[in-house]
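Model the full structure from these sequences, guided by the hints.
Sequence order for the protein chains is A and B.
For the first sequence, position 11 matches number 11 in the numbering used here, and the numbering has no gaps at all.
For the second sequence, position 83 matches number 211 in the numbering used here, and the numbering has no gaps at all.
Among the clues, some could well be false.
A short, non-exhaustive set of chain B residues, derived as facing chain A with CB atoms under 7 angstroms [what the hints assert, rightly or not]:
1. Val165
2. Gly192
3. Gly213
4. Phe220
5. Val228
6. Gly249
7. Trp251
Don't read these hints as lab results, they were simulated from the structure.
Every residue gets a Cβ at the ideal spot worked out from N, C-alpha and C, and that includes glycine.
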Amino acid sequence: MNVGRSAWVVVGSLVLCAGLTLVGVNAFAGRLWRVVAGFALFVVGYRAMQYGVHGWPAIRTLRDTSDGLADLLTQGGGLAASVLLAAYGFVLMGRAVQTAETTPMLLSGVSVVLGYVIGHRVANDEVL
Amino acid sequence: MSRRHSSIEFLGGLLAAVVGLTAAVWGSARGWSSPDVFLAVALSWSGYLFAHRGATGRFVDAPGTGEDPNVPASRTKRLGVVAAGLCMALAFPVGIHALVADSVLLLGAAATAFVGGYASGHWLLTGTAL
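Here it is in structure tokens:
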């Protein structure tokens, strides 16, 4: 891997880790939208790393075909649902730690894993 | 494509990922400062990246192509994937209980269950652990 590509691993990782830090410090304070922003940064950092290492897609191929546009919308919607579900799961986790209630305790993991599976399916074709 | 496998990198990376994840969740719940949580997150993510390189020979996979995901033909393997997903989901109540009970060891067990569930599910689906 050349220097330029290695740099994308570092840059993408910094963005991604900043996002996960935002997730952590805000989940236990119940601040859902900051947690959403944190997961959005995670997606941006991970994608930047993938494209930086393996090559950026040509924007024309996305714009010029209806298939490309449909794919883009499917990906965008899927990633938005994924980020919201994962963020909601972490906020539920924070709530469950404070209240020790059973429902958010059980739902937190389900929401995060479901969000992850949707996002990973959309972004990488694989379920996990 | 070069494929360089290293068990030491894989296992050492996974260990760092679990330790970092445990510290990040513990610190977040205990009100650590953002830079401290960031360091724990960075340890966990770096561990994951090196474990990924140990397993596949590259830090990060190429983006998807929009094709259907691989679903194993074997029923046992499919059940295994569901069990792995459940293991990941159940790591959350265990981790929550650990934070309520103030047990960092139990939180480490929850982080191990999450990462272990992920790696085994990924292996069943794709043939590589990460």
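Going through the hints against the structure:
A cut of 7 angstroms between beta carbons decides the hint on valine 165/B: the least distance to chain A is about 5 angstroms, and the hint holds. Hint on glycine 192/B holds. Least Cβ distance to chain A is approximately 4 angstroms, under the 7 angstroms limit. At its closest, the beta carbon of glycine 213/B sits 6 angstroms from a beta carbon of chain A; the interface hint therefore holds under the 7 angstroms criterion. With a cut of 7 angstroms, the hint placing phenylalanine 220/B at the interface with chain A holds, because the nearest CB-to-CB distance is about 3 angstroms.
The criterion of a C-beta within 7 angstroms of any C-beta in chain A is met by valine 228/B, whose closest approach is roughly 6 angstroms, and the hint holds. Taking 7 angstroms as the C-beta contact cut-off toward chain A, the hint placing glycine 249/B at the interface holds, the least distance being around 4 angstroms. Because the smallest distance between the Cβ of tryptophan 251/B and any Cβ of chain A comes to about 9 angstroms, over 7 angstroms, the interface hint for this residue is violated.
Hint 7 from the list above is the single one not met by this structure.
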